[in-house]
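From just these sequences and the hints, can you work out the full model?
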Amino acid sequence: MIFHKLFLISQEVILPDDALRVKNNNREYYSRGIQTKFDYHFTTGQVFHDIEVGFRYHSDEEDRFQWFDDFRMENGVMQLTSSGMPGTESNRISGADAVSAHLLYKLKIDKLTLTPGLRYENVELTRENFGTSDVTREGTNLNITENNFDQFIPGIGANYKFNNNFSAFVGLHKGFAPAGFVENQNPEESLNFEIGTRFDYKGLSGEIIGFYNDYSNMLGSDLAALGGVDGNLDLFNAGEVDVKGIEFQVTYDLLKNTQHSLPINFNYTYTDTEFKTAFSSLVGIWGDVEVGDDLPYIPKHQFNLGVGYGFERFEFNLNTRYRDEFRTQAGVGSIPLENKVESLFLVDASVSYQLNSQLKLSTNVINLFDNEYLVARVPAGLRPGHPFGIYAGFHLKF
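My numbering applies: residue 1 is where the sequence shown begins, and numbers increase by one.
Since the hints were derived computationally from the structure, they do not count as laboratory data.
Everything numeric in this text was worked out from a predicted model, so none of it was measured.
It is possible that some hints are incorrect.
In silico DSSO-like links for lysine-lysine, alpha-carbon gap of 27 Å or less [claimed, not checked]: (1) Lys174 x Lys106; (2) Lys161 x Lys106; (3) Lys244 x Lys276; (4) Lys202 x Lys256; (5) Lys202 x Lys161; (6) Lys37 x Lys244; (7) Lys244 x Lys174; (8) Lys340 x Lys300; (9) Lys276 x Lys340; (10) Lys106 x Lys37; (11) Lys108 x Lys23; (12) Lys256 x Lys360; (13) Lys161 x Lys174; (14) Lys300 x Lys276; (15) Lys202 x Lys244; (16) Lys37 x Lys108; (17) Lys256 x Lys161; (18) Lys111 x Lys202; (19) Lys161 x Lys276; (20) Lys174 x Lys300; (21) Lys276 x Lys174; (22) Lys244 x Lys340.
Below, the structure is given as structure tokens:
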């Protein structure tokens, strides 16, 4: 929505004609495709082999035919003052045809499992922009943009099971995302590494994972929800970015081996980000980026702590959530107030009862103490989080 200036007369706000502009986001979508997978496993001596081959074809399309209508406000009611013509704001058809195939090989030797794989992606993008003056789509000012991307995406993972209670794993994979319709755009590419362990000792189970993602080129989007100027979803190159951190998760049942259960679970994530390339962007969350800046909208610390109780058909869960403060525009150091979303701590609860083998009743309470908190500053200013809410339902099995 676009608001024009207000007129104040005798302390009463009166909006003139066409003061309130409402965009009709008229769009149509379709998608179709086919996919298949073949799997074959066999053994040679003490070695287990598993070969998987897959193929997928996917096609989708978005048809935008949009316009603005203008209104005035009378006693809190919108009154139409000017009707827009369909197609005069956005008038284009965008589509993509994608073919992908993958080969995955699992090799298990004693306690060691190796899983190398290779994926192929071919994406063809086409956009037909008829322009805002050709609402009948006769093609008088038709502009066609085409992009094509081919990519081989390798990866490998390894897992070593020391015993039934302890294992370690490592993985190295290439990341890929196709670029958009803008010329001279590079696709998003990254090298992703993780290493960790899983354990289960006397009822205490969990995992610890360290991760490192090295983006040789990250893509940004001119999306309205991200503070984009035009909100047209066009992508742009954001350069090199490093994302690294650690994840920790643990679960333990205090009443294990009894008729009751009292599970406690805790998970924590630390994330550190850094731009390795400087650039300027009109998109709100990026702005003027310098080398060393943090990525916006990524908190450094997050954790969840939950406790539950179960007995026969009854189950109750209480969950707490913490999210660290984060910046809404790329930068480094202390976060300016105008670019900050404060930290939050919320409590949720749920209760369920299994009436019989087919029917289960459940109730969920979101934000139990009705805390007020922010989640974003785009689009169009501060955005509040979910207030206190109760949701009830049932699960039925046939």
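Checking each numbered hint in turn, tell me which of them this model violates, lowest number first. Violated: hints 6, 11, 15 and 19.
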